[in-house]
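To convert, note that position 148 of the sequence shown is 148 in UniProt numbering; the numbers rise steadily by one, no gaps.
Since the hints were derived computationally from the structure, they do not count as laboratory data.
Computed from a predicted model, the values in this text were never measured in an experiment.
Here a beta-carbon is modelled for each residue, glycine too, at the ideal position from N, C-alpha and C.
It cannot be assumed that every hint is accurate.
[As the list claims (entries may be wrong)] Result set (EDC-like, lysine to aspartate or glutamate): computed pairs, CA atoms no more than 16 Å apart in a straight line: (1) Lys-188 to Asp-283; (2) Lys-243 to Asp-189; (3) Lys-240 to Asp-189; (4) Lys-310 to Asp-273; (5) Lys-248 to Glu-327; (6) Lys-311 to Asp-277; (7) Lys-111 to Glu-7; (8) Lys-111 to Glu-47; (9) Lys-119 to Asp-87; (10) Lys-331 to Glu-314; (11) Lys-248 to Glu-326; (12) Lys-142 to Asp-228; (13) Lys-247 to Asp-277; (14) Lys-310 to Asp-342; (15) Lys-243 to Asp-163; (16) Lys-311 to Glu-327; (17) Lys-345 to Asp-228; (18) Lys-310 to Asp-277; (19) Lys-240 to Glu-193; (20) Lys-311 to Asp-270; (21) Lys-111 to Glu-284; (22) Lys-311 to Asp-260; (23) Lys-304 to Asp-338; (24) Lys-240 to Asp-273; (25) Lys-119 to Asp-171; (26) Lys-304 to Asp-277; (27) Lys-304 to Glu-327; (28) Lys-119 to Asp-273; (29) Lys-243 to Glu-195; (30) Lys-311 to Asp-338; (31) Lys-310 to Asp-338.
[To be verified] Okay, the calculated beta carbon distance ranges per label pair: (32) Gly-60 to Leu-232: 48 to 56 Å; (33) Ser-297 to Glu-64: 49 to 57 Å; (34) Glu-7 to Arg-164: 24 to 32 Å; (35) Ala-303 to Glu-150: 42 to 50 Å.
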Amino acid sequence: MSCVPLEALRGGLEAALSGLRGGEAGRSGDGGREEPEQQQQQKEEEEAAFDPGGFWAALGGAFEAASREASALSLAFSRPPAPPPQDQEQLADRALGAVLAAASIYYRLPKSQGTTLRKAVRDATVELAEGMIQLTEILLRKPVQSVSREQLISTGSVWEACDRASALPRDNQAAVALAISSCLGIVKDALEEMEQAQQEGADPYGDVLEDEELGSRGNRDVYWSEADRRLLGPCLGLVKAAKACLKKVLGAVRAHGQADAAERVAQLDDLADMAADVSPSVDELALSTYPPVNQLSVRLNAAKLASVLKKMLEIARSSHVCPPSEEGWVKFLLGAVDHNLDRIKSLTQSLV
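With the hints as extra help, turn the sequences into a complete structure.
Set out below in structure tokens:
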């Protein structure tokens with residue numbers, strides 16, 4: 001069968017995906033050649049004309065259309081004979097048009113609405129484009145006989161991507177709360193793993209089967225020394241502090257966060273950026289506590305995590321999400337971070 005329309009569809013989708021991943025540089029048009037004054041004027045005009053209700057209605061419509069077109073495309077290639085070339089071209093044009101429409105609507109969301117909100121919308125649009133590309137590739141390589149399991153799963157993935165778009169946050173306060181909540185979930189998981197591994201007498205590699213190439217379970221490198229165990233307590237305390245920091249900042253964002261002014265939107269974005277640095281810093285510290293332990297690496301990773309947490313708390317304290325009545329928990333958590341870091345430094349002082 002002729003696959004030219006599907007190949008063209010894949011090419012168009014890949015170009016759209018590249019533009020989305022490239023950020024604003026991926027936008028079509030001549031905006032990049034405008035003078036700075038013209039760009040600023042255009043930006044101000046776009047922000048002034050932005051209609052939130054219209055934007056979200058248009059975005060929802062585009063995702064619904066994409067879901068329908070994915071269904072039509074998949075159904076057309078579910079049984080022989082293959083659609084005639086003209087029908088294939090129409091199906092491909094409609095599928096590409098739906099994805100391009102969603103991307104175009106995303107580009108209409110002004111930066112003044114918040115970078116965290118824009119990222120949430122962009123990620124949803126990227127997921128849609130990726131799902132449609134995957135479906136197209138499956139249709140290109142399978143014979144037109146019957147619906148394969150792979151085709152059904154891929155079509156369902158596009159539907160799910162479109163359905164999730166309806167649950168997108170509608171302003172930057174909600175987007176930042178969602179982002180911080182996601183970071184908190186990752187840190188909770190890391191903390192649970194650390195607590196499980198550090199139970200008294202526990203073997204941190206107990207779930208790894210004995211392997212001749214890895215050596216016997218009697219290898220001392222897979223157990224903690226007494227010096228290591230003394231270090232585990234404050235490390236665990238620092239990760240608990242990280243969890244508490246994210247939980248309190250999330251509560252403050254939900255209770256006091258507002259996205260009704262540029263300064264407040266920017267403050268929320270700063271908090272989301274710092275929260276995103278917490279979970280990888282927690283992971284690095286947690287991994288460095290597994291035997292054989294390099295205590296200098298533990299010290300360095302602990303200092304890095306403490307620095308990230310203190311920056312996030314200071315940003316929160318100086319922002320609108322932390323009125324004077326809320327400053328008590330910020331001071332308490334700053335003290336908790338310092339306390340655990342000081343204990344780690346004391347236990348590893350001989351290494352520096």
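Any hints from earlier that this structure breaks? Give me their numbers in increasing order, please. 7, 9, 12, 15, 21, 22, 24, 27
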